[in-house]
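Peer 1: For the record, the sequence lines run as chains A and B. Per this note's numbering, the very first residue in the first sequence carries number 1; after that it's consecutive. Per this note's numbering, the very first residue in the second sequence carries number 1; after that it's consecutive.
Just to be clear, a hint being listed does not mean it is correct.
[As the list claims (entries may be wrong)] In the BS3-like style, the derived pairs of lysine-lysine whose C-alpha atoms are separated by at most 30 Å in a straight line are:
| no. | chain 1 | residue 1 | chain 2 | residue 2 |
| --- | --- | --- | --- | --- |
| 1 | B | K53 | B | K7 |
| 2 | A | K192 | B | K307 |
| 3 | B | K47 | A | K147 |
I should point out that these hints are in silico values taken from the structure, not numbers from a laboratory.
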Amino acid sequence: MDTPSQHENFNHPREIGFAFHGAGADIGEKDSFRSGTKYPCTSLGCVAKSKKSCQEIKIALRESFVEIYAIKKNEESYMILGIDIGGTHTDAVCVKDNQIVATAKVITGENLVDSIVGAIQGLDMDYGVLKRVVLSTTLSTNAIIEKKYAATGMIVSAGPGVDPRNYFLSDDFHLIEGAIDHRGREYIPVRKDQILEVTEILKTNHVQGVGVISKFSVRNPSHEKTIHSLIADRFTYVSMGHRMSGSLNFPRRLHTTYFNTAVMPIQERFVRSVKDALKALGITTSILFLKADGGTYSSSAADRLPVETILSGPAASMMGGVALKKNSDTTLILDVGGTTTDIGILINGVPVLEPQGVCVGGLKTLVRGLKMLSVGAGGDSQVYISEGRLKVGPHRHGPPVCMGGPQPTPMDALCVLGEFETGDLNKAEQSLAPLARQMNKEIPELARAVVAELVETIKGACDGFIHEVNSYPVYTIHEMLHPDPVKPEQVMVIGGPAKTLKPYVEEMFQIKCLVPDHFQVANALGAALARTTAQITLLADTQLKRLICPELDVDMEIPAWYTINDLISFGNQAITDNARYLGLSDDIETDVIEQQSFNMIKDFNTTGKNLRVKIQSRPGIISGWSES
Amino acid sequence: MIQAKRKTGLIFFPAYDWEISPTHPERQERLLYTQDQVLEEGLLDIKGIKEFKAGLAREEDINRAHFCVPDVNSRITHSHNISAGGCMEAARLVLEGVVEKAFALVRPPGHHAMRVVQGARGFCNINIEAVMVEWIRKNYPHIKKIAIVDTDCHHGDGSQDIYWHDPNVLYISMHQDGRTLYPGSGFTDEFGGPGALGLTLNVPLPPRTSDQGFLHAIENLILPVLDEFKPDLIVNSAGQDNHYSDPITHMAFTARGYARLNELLDPDICVLEGGYSIESALPYINTGIILALAGVDYSFVREPDLKPEELREEPGVMDYIKELCDSILDAWHRRNNHSLPNNQFVERNRRIYYDTDSISENQLETLRFCSNCPGAFKIDTQASTGYRALCVHIPHGACKACRRQGREWFDTVKAGYYAAYLQDMDNDEYQITIL
C-alpha cells in the first residue's frame, strides 16, 4: 500500500508558518478512489511521514519549540541582543541566560545607526558573552516607500500574455524578446544582441543596479541566467527573479526583484556602518536581520536578499507575542499604537502569513510576510460624535489633550479614569466635557464609553480579518468537506495602553485576554529570539526528467522513476546543505509545507509525474526561553 | 496599473484529489497548468478580479434539475456537489451584486447529463448549469428568462434535454457537427418541444471551423437571437475543446478567438465544460476568458505554437457556415408559425447511451400539451441496469389541469417500477415513492 504522503495533495491557502489545516480522519468515502487511506493529520504536514496521532504530534511540537535549541554549554552564559527600529522609537532588549536583563528605548533619529548605538548604550551591559545580535530595521521599507534609492534598471523577458509594460515603474524597465511556457520549455529564445543593446542604454542612464526577470523563470531560469551572465560585470548590483522566491506570479516577481536590487546598495552601506559602530562598542558577533515573516537570516543572506527585511516591525511584535505567551492556543495579537492597532493571528505559536506575499509602497511582492491588518484605531485616535454615535479614529490629530494635544483621544479617556497618570487630569476632563454633554453622560461614563468604542472598532476589524482568513479558496475535495475555520481562543494585547484595555477587551471579545509582562519591549524581544528561517520550492517533472529549485539555483536531471519521497528527501538535504547560503543557523528543523503529485498523461498513457514541494526551516522562537 | 472594467469573480475548483481514473482526461492534472498560468500572469492581483471559494450543492438542489435513479447519492460523488456548488456560488455572486461577472472554472463538467440520470455519460454525472439555473429560479424569482449559450465542441445534449419543453430557457448550442463527433446529435431540426418551439437552437459547424467561423455564428446568429429573446441572464457553457490542439475534437479555435467570443457574447456567468488540451489550450483560453470578462486588454494572449495561417477555413467552409446561420435565423423567426399538435398528449420514444458507464436506457416521454402553460410530462425510463422508473415533472407556472394530471400520473403509478418520482417546480417539492 502506498504511503499517505504520496496521495496527499495539500496546498495551503492560508500559508502560515507551517501547515495547519484540516482534521486527520479516515476518509473511506467513495470518491476517494483509494478508499480507506488514512489521510495523515494535515494540520502538521511536516510529520506526514509519521503515524503519530494528531494530539501526540501537537504536544511533541510544542515541546520542541521550546526545547529544540538546548543550551549547549551550561557553564557558559548565553547573551542575546535584540533591537527593533520603529518609526518613532528604537527599542532594545538584552537577554541573558533566558532572562531579560536590560531594556532601553530611544527616539529614532534621522540616522538609524545612531539610534542603534543609542539604544545599545542605553542597555549599559558588558557584551563579553554576547552570542546573538538581531536587528529589525525600517531601512528597506522607508527607502521603498519614500522612493529614496539609486536609479535601478530592469531587463524583462516575458512573451505573450498580459502586457508586462503595465507593470513597469520607470523608463529604466526594458522589455526584450524571449518566452518560456508553464512547463519550463523555451519557445522564443533571448537575443544576445538585444540584451547588449539594452545594457548600453542602462549604462548611459547611470543605473547602479539591474534586476533580471523572465516569465516562468521558476520553471526554467535559463533566460535570467543568460542575461545575468552578459551584464553581471557591468553593474555593481544585480538580482535575478528566480532567486527571490520559487513562487509563481510574474508581476510580483518583477516588483520584488526591482525593490531588491534598489535597496541592495542601501543595505550594504548600512551593514558596513553598523558593523563599525558595534565594533566600537566591543561587539563583534555577526548580525542577524529580522524578516517580514518573523524569521531571521544572516547578514550575508541579507546582502543578497535585502527586500525580505521590509515590514519587519510588525513581525517583531508578533514574535514578541509568541515569546511572551505560554500556551499554544490560537491567539489574536493586538499591537495598540498611537495611530493604529496592528492585528495578527498566531496558530500553534506560528503567525499566519499572507498567502502570496506582502505589499509595500502600494505594490504587491513575493516577500513572505505576516498576514496583518492595520486598523485606524489607537491610543491617540480622534474621538468625535457622528450621527449621534461616539466614534474613534481613523484619523489622529496629534497627542492627547492631556499631553498638550489639540483634540480628545482615548488616552484622555484613560487619564480621566485614572489609568494614565502622566497626563494632566484637568485637561483630560475638559477635553471630554463637550462630548459628555452632547451624549448626555457624566464625564467618567463617557470616558468608559470612549474606551469601549475603541475596543469595539478594533473588534470589528478583527472579525473581518478572521473571516478573510477563513474564506480562502481551497482546491481539494477533502478540504472542502472538512473545513477547519480559525477561531481565536485568546487575545494578547501589547503596546502602550495594553494593561488598561484588558477588561474592555475581555468584555468585547468574550475570550481571555493576556497582557504579558515586558509587553513594552515585545518587539525587541521578538527580534532577539526569532529563529532563522528560509523556504525553498522544488519541482520535479519526470517527463522532462528535470528537477528545479529556483531559490538554490538547482536545475538538474533526474530519472523517470523519481518519486515525491525522493523529492522531499532531496529538498530536506538541500536546505541543510545550503544553510549558510540561505542565512540559516546550524540546527534547523525542516517542514514540508506543501506537497502535490500529479500524473501527466498523453493519449491515455502515463508519461510522467509532476511533483511539487515547498520546504521551510521551521519558524518560531529559539528555545530555552522562559519568562522571568 | 491594470484595472478591471468589470468586477469579476473567479471560482476555481480544480479538484486536485479527484479523477474518473488515473489515465482519464478528467483527472487531477486537468486544471493544474491553467492554475499555473493564471497565477504567473498575476490575474488575481488585478484590481477588480477576485477569487472566491466554491460552494456545495445539496441533494435538494440536484433534485430540482434531475431525476436520479435510484437516488442522488448513487449517481454522484462529492466532486459533483462541489462542481455544481461552484456554479451556484458564481450565480450568487452575480445576483447579489458582489461581482458583475463570474467564471466557474470547475470540474467535472455537466452538459451531457440529461434530466433522467441513470448513469454517467460524456464524463458528466449531473448537469451543473441546470442545477445552477434551477437554484437561480428558486431564489431569485425576478429572473424569468435565461439563455444558455453552449460553446463547447460537443453538442450539449443533456442541457438540451432538460430545457426541451421550457419556453423560458433559451438553449443555443454551437458545436462540431454530430455526424463527425460525440454525441452524434445537435442538428438544426432539433428545435425544441411543442410548447417551446425555437427555444432550442443548434448550430452544427463543420470540422476545422476556426475563429472566423465561430465569431460569424456569434455575430450573425446568436447575438440577434439574444437581442430578440431579451434574457434576464446569459450563461455561457464555455467548453474549451474546440481549440485547435484538443486531442479528441477537430476544430481550430484559438485563445484570442475565445476571448473575443466572450467579449461579444457578454455573458453574466461562464462555466467551464469540456476541454482536454490541458497544456496547450486551457491555460491560454482561460487567461483570455478571464481578461475578456473583466474588460482587460487580452490582445497579447497567444499560445506558444499558434500559427494563424494554418488555421484558416477553406473558402467553401465559410460559405457553408454563412448559409447555415442564415437558415437557422430564419427558422427562429418562423418559430411561431408551426401548427400545434392535434392530440392532447404528445409522445417521444428515445434510446440513450451512457458511454462512461456502459449503460443503455429506453425512455418513453408523454407530454400533456397545454396552451396555458409549458405542460406537465412524465418519463417512463428503463435502463440496462434493471432500474425502471416513472418520473413526473410539473413545470414552473403549471396550470391547474397540468398540475392535476401530473399528480394523477404520480399517485396512480402501477407496479413494475422501482419507484415513482415527482418534481413540482413551483412548490419546490421533490417526492419519491419506492414501490
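Peer 1: A separate judgement is required for each hint: does it hold in the structure or not?
Peer 2: Hints and how they fare:
1. B/K53 to B/K7: holds, 16 Å
2. A/K192 to B/K307: holds, 26 Å
3. B/K47 to A/K147: holds, 23 Å
In this structure, every one of the numbered hints holds.
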